[in-house]
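Listed below are the residues making up each chain.
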Amino acid sequence: MPPLLLRPHASLSHAEALQVAQQAPEFLRKNPASYSASPLFSLFSPPESSKTWTIYENLLLACLRTGDYTTAHQCLERLVIRFGGNDERIQALKGLVKEAEATDNSELEQVLKEYEAILANDNTNVPISKRRIALLRAMGRTAEASEALVQFLDFATTDAEAWIELSDLYLSQGLYAQAIYAQEEALVIAPNAWNLHARLGEMLFMAAESGSDGHPQAYLAESLKRFCRSIELCDDYLRGYYGLKRVTDKLLDKDSKQKKPSDSDEVTLPETSTIEQLNLAATKKLGDIVRKYDAKDPLWQGYDSGEVAAARACLSETSQNMVR
Amino acid sequence: MSEQELQINPIVQDSVIHNTKTLTNLHSLTASLFGVSAGILGLESYYGFLYYIALSITTSLLFYVFKLAPGSLAEGRSVLDTGRYYKGALELWTSPIFNGLPGFILTWTLFYGLVRA
Amino acid sequence: MAQIPPQTLHRDPQLFYWILIPITIVMVLTGVLRHYASVLMATTPKKADIKAIREQRALAHGAALRTNYHVLSRKSFETRRDFLIEGFESGAYLKAPNQKGQPPANPMTDPNAMEGMMGMMKNNMAMIIPNTLIMSWINAFFSGYVIMKLPFPITIKFKSMLQAGVQTKDMDPRWMSSISWYFLCIFGLQFVYVFLLGSDNAASQIAQQMQAQQMPVGPMAPGQDPSKMFKAEAENLAVIEHYSVLDGIEERLLERIKV
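Residue numbers (the working numbering), protein chains in the order written: chain E, 1 to 324; chain V, 325 to 441; chain U, 442 to 700.
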């Protein structure tokens, strides 16, 4: 795993983000404010690499997250000195700082207007389009956000990130079929991403739970397959096993209650014995993971603590059912 | 491996490139050093090439022992199976020999010329 | 048969200092220069207008579906396929739908195509110019000397190549002139570049040529009619025989985790 400063910011927990933000002043002090193009000067200053700028960007995000706006501005300043204020990415970062500093809705409106002005000049500016959509969503204008996102995806059909965002947006509105469609599009672009497979499995499971449309049985069957695939791609994947356990529990539960033949010939459920075996395997694996995580086994510490807690809760629920 | 199997157990192209590149770089650097030593020893014709082949296989062997073996034995593979990191066994044992050959000849000639002039 | 005594030549050690070392240094420096030149000349992709991006991305989308159809279940694959085929065939994604079927514009007049050709030209120039310069420099200054002896025997056929400019009939072909040292440098300096510039360098021309040969043709080669490419992609999609990696995955997974 790369050092903390280089990890993508979105994957950091709050504590880690704080840790990153606290390193910011020191990093700013150690590195020069600007890099000269002259070779003589570069002999005496620390070497510049693309990593340096990734770190600056991460520091900027971490500082915004922890509310340290002065340091954030210093980071931004250096990025602007290096790449110029008109770079698309820098424009988006600038906008991000303004968004973070905005105190009320009218200021956010102001930022939104600026984005729209930039987009009116250049409608292919991807980072700014994405910021605008994110801002719309953050301001609670979900319908506008999804509309803008659909427009964006019309010309950038191979942007997996945008498809995932769209899927998430639909999911938050309970539009399961659309969310699943968008998530599948993301999978077509990144076919081996196990987290996307597991996420799709979760969506299918939620769709089956809600039972609002279609055939919950078919959804459950595909959800099972998606979780299996995510585990196949990534051994010991907690979310995959957790989902597998939930979905097999549900299927076994259902099987005992109602024996309804699946009306969709598309996705067929496997034999009940197979489901039982999968359930057992998932329970065993989850138990392993929780035990090793709790025992502070150094090789098993990469899991998110919240996810492990959820697995623990799920396991104890099962064992209670068994006792009863 | 059939296409379908590859889709089930995908191989990430970036990792393959990275692995091959690491090995190629190691070999092109060591090959030049072997050339230096061969030139200083004054080896000629077949002996020089045999010397090179023996040494570069040794390099591959050391690379296997120190870099590949811990990971691939832990995965339950048999000894000298490189499937975890490389597509075929040839990729580890023979192809680097040809990659390093020009560098070897260059330094060999240079030092042979310098020493025996 | 008595052993033929090996030929010996007495060479002035100054030959090393004034021929071998300059050629080597110049070769290394050209490599470094070529690396930095290619870094500097790498053009930032030109901003395309939104229609062109859309056309290109739609084609890439079709290609992605064609290669990764196996992640989808049959039903969702078929909806997508029908949707894309319809869009591709009706020309909904074309940059200029009304120009459909017209012959592609002359690449010389299309500024975008010119850009791509300029890029190729630049790359070729970066290889050809230094080579010709150094070759002629070596021929002008250093021809007619024998500077070194190869440590391995080679056949008489190589004599004319290795001993260019040295008219001695009976000399062992192992003796080589400065121009052959130049050739050795072209092939063998890769390790120096790895050492100096890191493994991602663009210094070695051999490596670059191999790359150029392997490079697949980009999705939008200049001078091709996009509507034809869409048609071809639609056909490719139509003939896919669908299967999914999800088929029988439960058994496969059980097999795998039981081990």
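Misleading hints may appear alongside valid ones.
The list that follows gives simulated cross-link-like pairs (lysine-lysine, DSS-like), each with its CA atoms no further than 25 Å apart [as the list claims (entries may be wrong)]:
| id | chain 1 | residue 1 | chain 2 | residue 2 |
| --- | --- | --- | --- | --- |
| 1 | E | K94 | E | K130 |
| 2 | U | K516 | E | K250 |
| 3 | U | K516 | U | K610 |
| 4 | E | K130 | U | K536 |
| 5 | E | K51 | V | K345 |
| 6 | E | K51 | E | K113 |
| 7 | E | K130 | U | K492 |
These are calculated hints, taken from the structure and not from any lab test.
Pair hint outcome, K51/E versus K345/V [Cα-Cα no greater than 25 Å]: Holds: K51/E and K345/V sit about 21 Å apart, inside 25 Å.
Regarding the pair K94/E and K130/E, is the alpha-carbon distance no greater than 25 Å? 13 Å, holds
Is K130/E close enough to K536/U, meaning Cα to Cα at most 25 Å? 23 Å, holds
Satisfaction of hint between K492/U and K130/E, Cα-Cα up to 25 Å: Cα-Cα ~19 Å, so holds.
Check whether the Cα positions of K51/E and K113/E lie no farther apart than 25 Å. 33 Å, violated
Given the hinted pair K516/U and K250/E, is their alpha-carbon gap at most 25 Å? 24 Å, holds
What's the verdict on K516/U and K610/U, does the C-alpha distance respect the 25 Å limit or exceed it? Roughly 78 Å separates the two Cα atoms, so the pair is violated.
Violation of the numbered hints given earlier is confined to hints 3, 6; the remaining hints are satisfied by the structure.
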